[in-house]
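Novice: Listed below, chain by chain, are the residues.
Number of protein chains: 2
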Amino acid sequence: MKVGFIGLGAMGRGMAGALLKAGHTVSGFDLNPAALAWLEDNGGARAAGPAQACDGADAAVLMVVNAQQAEAVLFGDDGAVEGLPGGALVLSSVTMPAEAAQSLGARISEAGLNYLDAPVSGGTVGADGGTLTFMAAGNDAAWNAAQPLLTAMGQNIYRFGDHPGPGSTMKMVHQLAAGCNLAVAAEVMSFGAHLGLDPAKVLEVLNVSAGGSWMIANRGPRMLTEGRDASSAVDIFVKDLGIVLDAARASRFPVPVSAAALQVFLGASGAGFGKHDDSQATRFYERLGAKKVRSDQ
Amino acid sequence: MKVGFIGLGAMGRGMAGALLKAGHTVSGFDLNPAALAWLEDNGGARAAGPAQACDGADAAVLMVVNAQQAEAVLFGDDGAVEGLPGGALVLSSVTMPAEAAQSLGARISEAGLNYLDAPVSGGTVGADGGTLTFMAAGNDAAWNAAQPLLTAMGQNIYRFGDHPGPGSTMKMVHQLAAGCNLAVAAEVMSFGAHLGLDPAKVLEVLNVSAGGSWMIANRGPRMLTEGRDASSAVDIFVKDLGIVLDAARASRFPVPVSAAALQVFLGASGAGFGKHDDSQATRFYERLGAKKVRSDQ
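Protein chains in written order, with my numbering: chain A, 1248 to 1544; chain B, 1248 to 1544.
No lab work stands behind these hints: they were computed from the structure.
Virtual Cβ for every residue (Gly too), placed ideally from N, Cα, C.
Among the clues, some could well be false.
Claimed, not checked - FRET-style restraints, in silico, Cβ to Cβ:
| # | chain 1 | residue 1 | chain 2 | residue 2 | range |
| --- | --- | --- | --- | --- | --- |
| 1 | B | 1391 | A | 1498 | 55 to 63 Å |
| 2 | A | 1464 | B | 1409 | 25 to 33 Å |
| 3 | B | 1464 | A | 1492 | 45 to 53 Å |
Said to hold, decoys possible - Here are the simulated lysine to aspartate or glutamate pairs, EDC-like style, with alpha carbons at most 20 Å apart:
| # | chain 1 | residue 1 | chain 2 | residue 2 |
| --- | --- | --- | --- | --- |
| 4 | B | 1539 | B | 1524 |
| 5 | A | 1522 | A | 1533 |
| 6 | B | 1268 | B | 1305 |
| 7 | B | 1538 | A | 1493 |
| 8 | A | 1448 | B | 1493 |
| 9 | A | 1249 | A | 1288 |
| 10 | A | 1539 | A | 1476 |
| 11 | B | 1486 | B | 1346 |
| 12 | B | 1448 | A | 1409 |
| 13 | A | 1538 | A | 1445 |
| 14 | A | 1538 | B | 1493 |
| 15 | A | 1486 | A | 1288 |
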């Protein structure tokens, strides 16, 4: 397929690369010139803006930061909608509230295009390997047209409904679990260290027992170090758990564990670690007097 | 080895069975006559009390409910200490505060015996299969003497120090992670259901993504049902997270996520589900108006 790819950050590059590997034609746009150079070096074409990237394309794939950026690259000056031919697909993997996905979907539909609400999980490793998990929602036309792209970029592909919204709801709910489990990992590692247990050994036990989680296995080892190379930053969970708390408040649904987990990320961010790797949620406890989990200083 | 086994509940039976399978001689005691009949049927000998069970034994293994029961079966009338010969091992897999393990260890040592503080994780499946995780602490004499028993009952065997206490600390810290991850699982499944997502599909996504955990994989499926057969009850986490909160308060250490998780179990217990399977932590959210996660009524 001929694809216009908008948003070539760490995730977007991996996804565009997976599309290229699968034989799709990719024309891309990003504000960062280095991202465009990367695309050219990897067999894609650079475009001057979203409209040019999507000119005559079968599909636009969006991997920008939030709903506001998605709206701008679709409907702003030189937006993707100007370039896409009638009936083309807009596949958005942008993390956004369900209401935003519904609203964008309605506008895309009015423009004579098909919208698939399709956020992802799997991080840069999943993006680079084409093994992302997709949480998709949209009508049959969008779902069917997206199959060659979804299978190129993803390994586990789920559909949550025939209209935009539930894909983004699932992504939000996923972030609730991921963020809370990470806060639990930071709390257990910090409390264990504080009580005099060897953090590396605590981690080893948790990984073979009922206290284990994807987050403990993946971020636990990084808690033992400075976490200077951020794979995903503390502030991402400040944002994503903030979206969870807003949605919960709007629907009068109590989420006490998420509310507490957000405090951990807020505290770590407020203490100056917002741009650090999210494993450094441990700094919340460290700043409050806990013995250090990390051993490299 | 000749072993006196005290406490033949669901966990104790599995562990005693693993010792018998490995060729050890087991004489056991429990207040429940059915447990003693089970032991006889499986190749062990029933005893009239702790002292008789441990008469001339190389080791006593304790798997009673808490520190108070452990103290009673060791030092009470007809206690195990009366039956054990000098230099014998006392291996306690009882979940208790670290201070209780230290205090029991000191009294056992004064009685001329060796104490291994060795709580476990792995549930009845791990007990039945001889694949428990042991978090042990004690002097070399206790640690070395216990090896044939630990390897018969366990798969992952860790030592946290040369004196009683840190094994129990590790178990408490483990319960923090397990209890919090279970509360997270209840919160994410309930919020997803409330927002209109299919709970079975939410579970499927979480199990292949960064939001996954041992608890989501193991208890998630039971959340989809009534959870009438309790493998471990809601009130166990009321107790274990209570121990975590007490220890955290005593050491002036904030554990906001654990504090919130305890409210979920307290709420479910207060609503009448304390003896139900711990997957029914979802009832906290259901009683507050959430759409049901379970589908069988």
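Novice: Work down the list of hints and note, for each, if the structure agrees.
Specialist: Tested hints:
1. B/1391 - A/1498: 55 to 63 Å: The hint (55 to 63 Å, Cβ to Cβ) holds, given that residue 1391 of chain B and residue 1498 of chain A are roughly 58 Å apart.
2. A/1464 - B/1409: 25 to 33 Å: With a Cβ separation near 29 Å, residue 1464 of chain A and residue 1409 of chain B satisfy 25 to 33 Å, so the hint holds.
3. B/1464 - A/1492: 45 to 53 Å: Between residue 1464 of chain B and residue 1492 of chain A, where Cβ atoms are some 26 Å apart, the hint is violated.
4. B/1539 - B/1524: 16 Å, holds
5. A/1522 - A/1533: 17 Å, holds
6. B/1268 - B/1305: 18 Å, holds
7. B/1538 - A/1493: 19 Å, holds
8. A/1448 - B/1493: 23 Å, violated
9. A/1249 - A/1288: 18 Å, holds
10. A/1539 - A/1476: 19 Å, holds
11. B/1486 - B/1346: It holds: about 16 Å lies between the C-alpha atoms, which stays within 20 Å.
12. B/1448 - A/1409: 15 Å, holds
13. A/1538 - A/1445: 11 Å, holds
14. A/1538 - B/1493: 19 Å, holds
15. A/1486 - A/1288: 33 Å, violated
When the structure is compared with the earlier hints, violations turn up for hints 3, 8 and 15 and for no others.
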